[in-house]
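Participant: Residue strings, one per chain:
2 protein chains.
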Amino acid sequence: MTSTGTTAPIPDPEIDPKAEALAEDLAARLAKGDRRALARGITLIESTRADHRRAAAALVRRLHAAPRDAVRLGLSGTPGVGKSTFIESFGVRLADQGRKIAVLAVDPSSSRNGGSILGDKTRMEHLSRHPNAFIRPSPSGATLGGVARRTREAILLCEAAGFDLVIVETVGVGQSETMVADMTDIFLLLLAPAGGDELQGVKRGIMEICDMIVVNKADGDLKATAQRTRADYAGALHLLRKRGQDPEGFPKAIAVSALEEDGLEKAWEEILTLDAFRRENGIRDHKRRQQAVTWFRAEVEERLLRRFRRTPEVAAIWPALEQSVGEGDTAPQIAAAQALAAFGLTGDET
Amino acid sequence: MTSTGTTAPIPDPEIDPKAEALAEDLAARLAKGDRRALARGITLIESTRADHRRAAAALVRRLHAAPRDAVRLGLSGTPGVGKSTFIESFGVRLADQGRKIAVLAVDPSSSRNGGSILGDKTRMEHLSRHPNAFIRPSPSGATLGGVARRTREAILLCEAAGFDLVIVETVGVGQSETMVADMTDIFLLLLAPAGGDELQGVKRGIMEICDMIVVNKADGDLKATAQRTRADYAGALHLLRKRGQDPEGFPKAIAVSALEEDGLEKAWEEILTLDAFRRENGIRDHKRRQQAVTWFRAEVEERLLRRFRRTPEVAAIWPALEQSVGEGDTAPQIAAAQALAAFGLTGDET
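Quick note, the sequences are listed as chains G and R, same order. Quick note, the first sequence lines up with residues 1 to 350 if you use UniProt numbering. Quick note, the second sequence lines up with residues 1 to 350 if you use UniProt numbering.
Please keep in mind that the hints were generated in silico from the structure rather than gathered at the bench. Just so you know, not all the hints are guaranteed correct.
Subject to a maximum C-alpha distance of 16 Å in a straight line, what follows is the list of computed EDC-like cross-link-like pairs (lysine to aspartate or glutamate) [said to hold, decoys possible]:
| hint | chain 1 | residue 1 | chain 2 | residue 2 |
| --- | --- | --- | --- | --- |
| 1 | G | K223 | G | E260 |
| 2 | R | K223 | R | E261 |
| 3 | G | K252 | G | E270 |
| 4 | G | K287 | R | E261 |
| 5 | G | K287 | G | D275 |
| 6 | R | K287 | G | E322 |
| 7 | R | K287 | G | E327 |
| 8 | G | K252 | G | E269 |
| 9 | G | K223 | G | D262 |
| 10 | R | K252 | R | E322 |
| 11 | G | K287 | R | E322 |
| 12 | G | K32 | G | D164 |
Chain G extracted, bound-state conformation (with noise of 0.2 Å):
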């Protein structure tokens, strides 16, 4: 290779025609609004068949032109804060104003258990039967990896199928959180009243990320407790967070009553207004240029590491290759030069 970089030609990925006309109309489907089709796609997006896999491949190459103006909302709660019950009355609120909302759980614990032990579906039960309103569950079954793929590719689904808004919410477990807030606009974290200064263990990571915190249950006995947890976050979303980039008073903390439906349109504005301003500050389109990116070399390493997995060169020697090491036999390094030497790479270099 002689190339500089720039001008070096960039192959084409193969077609299958079968595939092909599957994707073509899916994307016509979806772009009528069909929940079907809108289901069936992200069916494809989550299969590991060959066949499946080309056809999801060829429906997100479609949609790549599609209208992407819905805003992406992540939005994390440890159980326990009342995110099922916060997602179902805002959901159901915008629902009836005649808004489009798309519910896209993830569960990282799903990637070891195949599935959480609660339907969504039966955790929001109004909006998923809200004729304006989609949820799907987490994949399960997959690596993180997997899952943050198989989300984004959701996410474009949604957006091609006209919904306005699609909320991204993960139980905020490990790095899930981190993962959701590099495929959405806008990253809420939920938190229950906590009395006193008491911290709920918060991570400082997630406060750093997060462009609003959203106390649940300010009802009841809990309304003033709520109130003083709302006025401690804020404190420390101020300290923590200096952006320029952002309008005054952002991130913010405000105390809701999901149980009361009080506080979510004040909710819903915030969130607009922000919105609103990073968009015409280009804000919103940089921060997605720069989520396509990181989405491409996930993918990359995803899709490198699938192919050599599925080597049959690998595969071949990696149980045994593996029970080497275990036993002790065999030296990690060594171990894995060799399964790099089946694969055609050679050298200590590796």
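Based on the hints, put chain R in the right spot on chain G.
Facilitator: What follows is chain R alone, placed relative to chain G:
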């Protein structure tokens, strides 16, 4: 390939006579406890030069059969808990007793900044000058995965050089704690005394991986607070953990004063008790074998990605792909497929 896994031939990595000769020499000097050979070996491990990497690989290959009887101790603590003072007092005490102590620092921020602001030798003045001690700052300018590999290999070198205790310390930002726990036998979390029942924002995940919490600064005005903090965490550990494998009372919380050198002997005794128990019951070796498999997988991923990015056909189009994705002209998935095609892997099922 028709092989069935265990019967497949395992190819040998290539041999470079010059690298082998250097590795041979270093391995012989390490076996005599030569500290300059240790420093030189770690420098090879941290180098990105191809000949250095070959020599490092040859060295690590040789050390696989070397004695590995050091206690590998992971230690985490956020800035301000007195981590350096603790390691200094604890290390000097043990070194004075004739034990050989190596301290390897893992600072994920140095991956970004190209090195920590204060040198580790300044932080631990007496220990760094002690004839029985060896201190190595965090490798800089590498990814977290790169830091993991280098630190794992540095542990092997320290053990080959006859060190009895290898402390791997980290500031506990992001994933570095899990990484350190994944390469050590025993994991300690160092904390400062906290007023009331304040939680110090200690992440639940860290509580779950640590074998002992050490509350430092149990001296002067803070002595009573430290004892209360210790009791709080002992309770929390008790609630969180149910490990039938460890001896009664573990994981446990103790209070020490690194400044007044109080409780350090007890800390060491607890570490030895746990280590002896785990050795006798095969738990340590089982854990190390599992860690070796994890290391093997990480090693494969890191090498594969490095080889991929360094492949001329990939490197030639990579900047153009990132730019095109960043400008929204190419979908991340399409760009990923193109990058993989440049590596010789085609088809949408990539």
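Participant: Quick one: which hint numbers does this structure break? Sort them smallest to largest.
Facilitator: When the structure is compared with the hints, numbers 4, 10 turn out to be violated.
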